[in-house]
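Residues per chain are reported as follows:
There are 2 protein chains.
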Amino acid sequence: MPQSPKNIAIVGSGLVGSLLAIYLRKFGHQVTIFDRRPDIRTIEFSGRSINLAMSNRGWKALREVDIEDEIRKIAIPLYRRAMHVPDKPLYFQNYGLEGEAIWSLSRGVLNRKMIDLAESEGAVFRFNEKVWDVNLPEAKLYTGETEKSEWQEYDFDIVFGCDGAFSRVRHKMQRRSRFDYSQDFIDVGYKELTIPPNEDGTHKLDKNSFHIWPRGRFMLIAMPNIDGSFTCTLFLPFEGAVSFESLTTEQEAKAFFKEHFPNVRKVIDNLIRDFFKNPTSAMVTMKCYPWTYWDKVALVGDSAHAIVPFYGQGMNAGFEDIFVLSQLMKKHNDDWETIFQEYQRERKPNADAIAELSHRNFMEMSSKTADPDFLLQKKIEKWFYEKHPDKWIPVYSRVTFSERPYTEALAIGDHQEKIMQEVMKMPNIHKIWNSEEVERKILSLL
Amino acid sequence: MPQSPKNIAIVGSGLVGSLLAIYLRKFGHQVTIFDRRPDIRTIEFSGRSINLAMSNRGWKALREVDIEDEIRKIAIPLYRRAMHVPDKPLYFQNYGLEGEAIWSLSRGVLNRKMIDLAESEGAVFRFNEKVWDVNLPEAKLYTGETEKSEWQEYDFDIVFGCDGAFSRVRHKMQRRSRFDYSQDFIDVGYKELTIPPNEDGTHKLDKNSFHIWPRGRFMLIAMPNIDGSFTCTLFLPFEGAVSFESLTTEQEAKAFFKEHFPNVRKVIDNLIRDFFKNPTSAMVTMKCYPWTYWDKVALVGDSAHAIVPFYGQGMNAGFEDIFVLSQLMKKHNDDWETIFQEYQRERKPNADAIAELSHRNFMEMSSKTADPDFLLQKKIEKWFYEKHPDKWIPVYSRVTFSERPYTEALAIGDHQEKIMQEVMKMPNIHKIWNSEEVERKILSLL
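Protein chains in written order, with the UniProt record's numbering: chain F, 1 to 446; chain B, 1 to 446.
No wet-lab data here; the hints were simulated from the structure.
From a predicted model like this one, the values you see are computed outputs, not experimental measurements.
Cβ coordinates follow ideal geometry from the N, Cα and C atoms, glycine included.
Hints may contain errors.
Stated by the list, open to error - What follows is a set of in silico ranges between Cβ atoms, one per label pair, in the way DEER data are often shown:
(1) F:I226 <-> B:R178: 29 to 37 Å
(2) B:R178 <-> F:W294: 50 to 58 Å
(3) B:R178 <-> F:P137: 27 to 35 Å
(4) F:D414 <-> B:E437: 49 to 57 Å
As the list claims (entries may be wrong) - Part of the chain F face toward chain B, derived, beta carbon under 8 Å:
(5) K148
(6) S177
(7) R178
(8) D180
(9) Y181
(10) Q183
(11) D184
(12) F185
(13) A282
(14) S367
Claimed, not checked - With a straight-line cut-off of 25 Å between C-alpha atoms, the simulated DMTMM-like cross-links for lysine to aspartate or glutamate are:
(15) B:K172 <-> F:E147
(16) B:K172 <-> F:D335
(17) B:K172 <-> F:E129
(18) F:K148 <-> B:E138
(19) B:K172 <-> F:D133
Throw the hints in and build the complete structure from the sequences for me.
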């Protein structure tokens, strides 16, 4: 028994909103998408994006609605990290096994494509229309010029909030009693910078690598675009000795880039122009519960679970929400109350798990990369994994190249960490780290 | 150099708002208090209150503005817990040392008194006036009938948000970037019930005790009022086998009270009437940061840190905020930016500490009171404390009968807990619990 067609509103025309529209159209529903911003296809990009890394979970969700190939065309596979470490030659770390890659996508380019695809499936977009209020039990939306102006009322069967970390739909749910909610900002901000292509349109750095300049409390990354450019992200504390606050003049910025990122000095003028043109953005972990209201309203993607970007899983997690929803829609047909209940029950622990993993990656980056014990531990893990790829799948691979639940990756990662803590206590571990003794120890603890 | 007089708004005429008004008037400021509700002196109480337990921190804050004696007149000292445990005779546990007590106050009676006192100090109250928006950098307030009606604008020098856990003032601060926020509801709700006085006006139960009927997942408490009645609070899960959800008819409620609280069956008709008349309320832990905006806006009391009521410290913590603020006002005179910065830096860790202690008390109540090991541990602690009152001040006393920081009580409590975990591992501890061996062990670990 297929689902009866419903009249469905989606708030937010971002990546999650437009993919959800495609899914819902395939199920035969009528779909209207509201966005307070103009059509991204008609305007310049914001200058506040971090490039996206599509990995297995994301691809799986695209495959389900037959748009995987279309998106691969605008994506570039990254097989390895390229590490730009001071006083060391450039070196590479493969992400996974032969052929395993994450795929670099410009957020703007992808979003435009997804809107095109949703439109060609018959979804109706209402850009520049601001949703100010939601009647949750009746799935009504109210839009208007300003919060205090005359509002227009729309009547729907179901409303999906895909309006991001600062969701207006969730905002309405927050006012109810017994709604759990948290938002935690980190003290590091980010800024988008660009490395332009060579004159012949080729990339200035290896295009199949994720480039990282780790510098302890701050870091630069670069991911390729199909036009030959790289979108870079500078992560830097808001306040302190080396911080966004402390870099206020062109001279200061120039000295900063020259000192810390000498191998991009050829494009330093571009970097500095972007540095002062583009906004500085904050990063937040947002958790909430419940995600749904009766059979009427559901939050999907960042509006339900916003995470810091240090695992590259924000979009992938949102797309996985949609895949899970679609499986439940097939299973429960018109019983939307059950669909929504099972959706939030299944996804909430996984969203919490990837939030935790992402935050840990941030903490590791900012405090542990200079710790020799931590580096030794990582070296031992890698050595053991290469010897026993069947016995020790690293957490990164479980998150990125598998479709098993995030909760499982977190739990197994914690178990591996406990084993490694035992290993690190072995006498003389820094000398015997790649000995048979260590190998036997790990095997015995597994 | 005293402070220059400022034109100050307080949003919220509750206990914290009215005490703050008294303080600010003593400093010579002009004070206007807005409240969206009518004057509590002119209306019936809400039927959703838990009686208050004033302890040392609260009294200290009242003493500072010479209103301690006035409030003592409407308070009743409770020297002990009266434990109503099934199949056991009623027994008593002293709260502290000889003469140490917490003081029972009806929230409504206290609030009326505090408003009288603030008014006689010259504070101006604007009841029934709803604040809908705050201009933070300019300390402007906007009030009106509804969110969409015409608003009136007020211009102030400083605005204090004393408008409780769901603060409108904080709501405006939440919309800024980098504002940390969390709200977590517990799955237990509460309901106010009343035990009326005897016909001659005396109390039906011992009036100098805090009465508790602990029942594992739920519990009834009773605290005396000066009119001879007791305000009771029934704490009960929202959902489940024995829950608010499961008690829907008078018959079910009657059976519930008869089975679990047999010694209040004489007033069962009152309890049942209240049960269906009074609302069921939820309990939340709310944390946020920052608490202030420049030298313009500050949150005080529940609007900055709402906690669950299981340590009886909500009002005391709010009053302590005000005491700390007043000390900083004396120290920094007209430098309100420094006053506010030091206020939030000093109070935030203490607010987090009492939130943690209060939540732990809830967890202990709901999951540990049936655990024989836990009860044995508490018995050992009590036994040791009585032998060595100078060496082992219990956390409860540090929180309730001291004015040392909450953070200190939490840290020392954690240390004591670690010691007790060692003690509980001693072989045969349930037999030797009050032996010299155990005494020596604790002394050695202190």
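Structure-based check of all given hints:
Distance hint for I226 of chain F and R178 of chain B: a CB-CB separation of about 34 Å, consistent with the stated range 29 to 37 Å. Taking 50 to 58 Å as the suggested C-beta distance range, the pair R178 of chain B and W294 of chain F does not conform, at roughly 34 Å. At roughly 34 Å, the beta carbons of R178 of chain B and P137 of chain F sit within the given window of 27 to 35 Å. At roughly 38 Å, the beta-carbon separation of D414 of chain F and E437 of chain B lies outside the given 49 to 57 Å, and the hint is violated.
Restraint check, K148 of chain F versus chain B: the minimum CB separation of about 6 Å is within 8 Å; hint holds. With a cut of 8 Å, the hint placing S177 of chain F at the interface with chain B holds, because the nearest CB-to-CB distance is about 5 Å. Taken as an interface hint, R178 of chain F checks out: its beta carbon lies about 4 Å from the nearest beta carbon of chain B, inside 8 Å. At a threshold of 8 Å, the smallest CB-CB gap from D180 of chain F to chain B is about 5 Å, leaving the interface hint in force.
Satisfaction of the interface hint for Y181 of chain F is found here, the shortest Cβ-Cβ separation to chain B being roughly 5 Å, below the 8 Å cut-off. Taking 8 Å as the C-beta contact cut-off toward chain B, the hint placing Q183 of chain F at the interface holds, the least distance being around 5 Å. With a least beta-carbon distance of about 5 Å to chain B, the hint placing D184 of chain F at the interface is held under the 8 Å criterion. The interface hint given for F185 of chain F holds, since its Cβ lies 4 Å from the closest Cβ of chain B, which is under the 8 Å cut-off.
Satisfaction of the interface hint for A282 of chain F is found here, the shortest Cβ-Cβ separation to chain B being roughly 5 Å, below the 8 Å cut-off. Hint status for S367 of chain F relative to chain B: violated, with the closest Cβ pair at about 19 Å, above 8 Å. Distance check on the hinted pair: K172 of chain B and E147 of chain F sit about 14 Å apart at the alpha-carbon level, within 25 Å; holds. Taking the CA atoms of K172 of chain B and D335 of chain F, the gap is about 38 Å. The hint is violated against a cut of 25 Å.
Of the pairs offered as hints, the one joining K172 of chain B and E129 of chain F holds, with about 23 Å between alpha carbons and a cut-off of 25 Å not exceeded. A C-alpha spacing of about 21 Å is found between K148 of chain F and E138 of chain B, which places the hinted pair at or below 25 Å, so the restraint holds. Note on K172 of chain B and D133 of chain F: the hinted pairing holds, with a Cα-Cα distance of about 17 Å set against a maximum of 25 Å.
This entry does not satisfy hints 2, 4, 14, 16, going by the numbered hints stated previously.
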